[in-house]
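Trainee: Please model the entire structure based on the sequences and the hints provided.
2 protein chains.
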Amino acid sequence: MSKLFETLKKIQPRDKTFEAQALDRINHLIKPKGSLGKLEDIAVKLSGIQRDLHPSVKKKAVIVCAGDHKIIEEGVATSSKEITKIQAINMTRGLTGVCALAKHVGAEVIVTDVGIDNEVPYDKIVNKKVKYGADNFVKGPAMSREEAIKALEAGIEVAEKAIASGVQLLATGEMGIGNTTPSSAIVSVIGGLDPSEVTGMGANLPQDKVKHKADVIRKGIEINQPNPTDGLDVLAKVGGLEIGGMAGVMLAGAANRVPVVVDGFISTAAALIATTLNPTVKEYLFASHSSLELGAKKATELLGLNTALDMNMRLGEGTGAVLMFNIIEAATYMNDEMITFEEAGFIVD
Amino acid sequence: MSKLFETLKKIQPRDKTFEAQALDRINHLIKPKGSLGKLEDIAVKLSGIQRDLHPSVKKKAVIVCAGDHKIIEEGVATSSKEITKIQAINMTRGLTGVCALAKHVGAEVIVTDVGIDNEVPYDKIVNKKVKYGADNFVKGPAMSREEAIKALEAGIEVAEKAIASGVQLLATGEMGIGNTTPSSAIVSVIGGLDPSEVTGMGANLPQDKVKHKADVIRKGIEINQPNPTDGLDVLAKVGGLEIGGMAGVMLAGAANRVPVVVDGFISTAAALIATTLNPTVKEYLFASHSSLELGAKKATELLGLNTALDMNMRLGEGTGAVLMFNIIEAATYMNDEMITFEEAGFIVD
Numbered sequence: 041m042s043k044l045f046e047t048l049k050k051i052q053p054r055d056k057t058f059e060a061q062a063l064d065r066i067n068h069l070i071k072p073k074g075s076l077g078k079l080e081d082i083a084v085k086l087s088g089i090q091r092d093l094h095p096s097v098k099k100k101a102v103i104v105c106a107g108d109h110k111i112i113e114e115g116v117a118t119s120s121k122e123i124t125k126i127q128a129i130n131m132t133r134g135l136t137g138v139c140a141l142a143k144h145v146g147a148e149v150i151v152t153d154v155g156i157d158n159e160v161p162y163d164k165i166v167n168k169k170v171k172y173g174a175d176n177f178v179k180g181p182a183m184s185r186e187e188a189i190k191a192l193e194a195g196i197e198v199a200e201k202a203i204a205s206g207v208q209l210l211a212t213g214e215m216g217i218g219n220t221t222p223s224s225a226i227v228s229v230i231g232g233l234d235p236s237e238v239t240g241m242g243a244n245l246p247q248d249k250v251k252h253k254a255d256v257i258r259k260g261i262e263i264n265q266p267n268p269t270d271g272l273d274v275l276a277k278v279g280g281l282e283i284g285g286m287a288g289v290m291l292a293g294a295a296n297r298v299p300v301v302v303d304g305f306i307s308t309a310a311a312l313i314a315t316t317l318n319p320t321v322k323e324y325l326f327a328s329h330s331s332l333e334l335g336a337k338k339a340t341e342l343l344g345l346n347t348a349l350d351m352n353m354r355l356g357e358g359t360g361a362v363l364m365f366n367i368i369e370a371a372t373y374m375n376d377e378m379i380t381f382e383e384a385g386f387i388v389d
Numbered sequence: 041m042s043k044l045f046e047t048l049k050k051i052q053p054r055d056k057t058f059e060a061q062a063l064d065r066i067n068h069l070i071k072p073k074g075s076l077g078k079l080e081d082i083a084v085k086l087s088g089i090q091r092d093l094h095p096s097v098k099k100k101a102v103i104v105c106a107g108d109h110k111i112i113e114e115g116v117a118t119s120s121k122e123i124t125k126i127q128a129i130n131m132t133r134g135l136t137g138v139c140a141l142a143k144h145v146g147a148e149v150i151v152t153d154v155g156i157d158n159e160v161p162y163d164k165i166v167n168k169k170v171k172y173g174a175d176n177f178v179k180g181p182a183m184s185r186e187e188a189i190k191a192l193e194a195g196i197e198v199a200e201k202a203i204a205s206g207v208q209l210l211a212t213g214e215m216g217i218g219n220t221t222p223s224s225a226i227v228s229v230i231g232g233l234d235p236s237e238v239t240g241m242g243a244n245l246p247q248d249k250v251k252h253k254a255d256v257i258r259k260g261i262e263i264n265q266p267n268p269t270d271g272l273d274v275l276a277k278v279g280g281l282e283i284g285g286m287a288g289v290m291l292a293g294a295a296n297r298v299p300v301v302v303d304g305f306i307s308t309a310a311a312l313i314a315t316t317l318n319p320t321v322k323e324y325l326f327a328s329h330s331s332l333e334l335g336a337k338k339a340t341e342l343l344g345l346n347t348a349l350d351m352n353m354r355l356g357e358g359t360g361a362v363l364m365f366n367i368i369e370a371a372t373y374m375n376d377e378m379i380t381f382e383e384a385g386f387i388v389d
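Those protein sequence lines, which keep their order, are chains A and B. Counting along the first sequence from 1, when you hit position 277 you're at 317 in the working numbering, and nothing is skipped either side. Counting along the second sequence from 1, when you hit position 174 you're at 214 in the working numbering, and nothing is skipped either side.
Hints may contain errors.
Copies of one chain are not kept apart here, so a pair can be met inside one copy or by any two copies together.
With a Cα cut of at most 30 Å, we get these calculated DSBU-like pairs of lysine-lysine [what the hints assert, rightly or not]:
1) 337 <-> 78
2) 98 <-> 78
3) 143 <-> 73
4) 50 <-> 143
5) 99 <-> 43
6) 164 <-> 143
Think of the hints as simulated: they come from the structure by calculation, not from any bench.
Mentor: Encoded structure:
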């Protein structure tokens, strides 16, 4: 049985008994009922995931999957593929956005090469390279079905290793010049939306080229005809290697009862792949911020999650998800530090 | 010269030269320009406040002002005044919502009695009691002009003591059964809005009593005729002692170049008092979350600030502001940990 199939089979819903018990206790904490809003929702969900009335997320990691996209030869990005390699290396040195925010919250940054179209040193970058970049999907599929499975399994393996080391809260991040293009394609296919509705500026693409980018995506979809109900088909035909890796991280989180925080637009596209493969994955996902990238809001809606941060961010790398770690951990402090009315010896509603 | 007058006179705008230098450096960090959104805005603002390209907010405190409101005899709240006393004491024991979130972020909780209508122990609660509760403002002013000045000065003194001890980031919190009523009155008067537009459920007031609450507020405003352009007059006639204390904290922050994070609805009402006394105070304020309390959004708009957290919270105590400490501190990590394109040796836009 393949790693992917095994992981998909293992995914079970959250534990609703623990959730009911957690909610009951939260309703009795010394505050007006419901007044801590989404912090309460987060705490209940964590209890259902961890089967614990005092869930803990002390040990945290963001898995940054990196990959390139040959579709940039169509003029859909302003940067060259070299940047993927350089930023992946900078990430191992603690110098990029996600590193700064991860340091603040005490999270590990695990940089993984799923498909960088360059040689990179593997002393600090995890080597899960499936191939040197996803192919240009206006000329055929981005990758074969077998390669898509390998990309998903790359993410599963890295996440399972982190979980085995004690990580209790995961986030997905990415680095890949051009990767808003396959992300828009995925959201467009799975959401049944025209590419123009979900195609944005990515890393500062000039506004007059965004229409061209949407046209490229439309052409790629027409040529490949991905089946919107088959996540593997969508990933292979119009996706990306690092997007497969991120979806794999989500599958592994769900299979091992570890929550996974979704970052911005590209993470959300990966989440749509993961939830198309198995809808129960959604129960283990937390949304983070409402990215400014056009299409992010639509993608989060399709996923059926709601964001907590309104930061006008659109950097990616996992920055929004790592910022969300703060909020999720705060929910565990509400649980652990506050007492109930009964414990305090008085009643208020 | 009175403490209040002295503090108001000391308030100067942020340093725009430092802000320009900070923005220039942030624009060169290794990320697409502008892609960290509000984190960038926060970092720039902090540089202008602290006159430092690497502002620091390591030492943080939330000043919780407590006070009672005799207007609860009109049936505008579900809890008794005893709860103000009990919760103030629970706060000194680390047991309430704001304590839990402050512990997470490493902030001190300074509980201050500005007007609790009860005896409380002053071993851990700061004694700045102006009087035993604000008067019922449907029968006359909530307090005299002199008492309003004392309430503001109470907040100024507590904040200045914290600042003298090295606190670099402040937040305002409150505890006071009935205090959404004077808050709605303040927002209504200063914003020129009918009370029904800004009066909500507070601590779970049944929906059928919310209309009555708005009617009480309307009556109180008619009787007292507060002058919307005179913050002291509004505070004295339809405000509250702890609301004055919170406004005082904001004035002291602005006067001493220390940023102050505004919490939810009641904090926002206090901020409207502070900015009516001196509009430059606004330059030192950070909004935090969009409270679910009806009127909170309107109040934040009147203040001209924008929120970063969308948490469906409405607890008060300073919980939303303390959660925002995480985000503000994250912005300083962006500044301190990321490098520029020049430092990295490559150029991307």
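Trainee: Each of the hints needs a verdict: does it hold here or not?
Mentor: Here's how the hints hold up against the structure:
| no. | hint | verdict |
| --- | --- | --- |
| 1 | 337 <-> 78 | both (18 Å within a copy, 18 Å between copies) |
| 2 | 98 <-> 78 | both (19 Å within a copy, 26 Å between copies) |
| 3 | 143 <-> 73 | between (34 Å within a copy, 22 Å between copies) |
| 4 | 50 <-> 143 | neither (33 Å within a copy, 37 Å between copies) |
| 5 | 99 <-> 43 | within (25 Å within a copy, 48 Å between copies) |
| 6 | 164 <-> 143 | within (17 Å within a copy, 34 Å between copies) |
Checked against the numbered hints given earlier, this structure breaks only hint 4.
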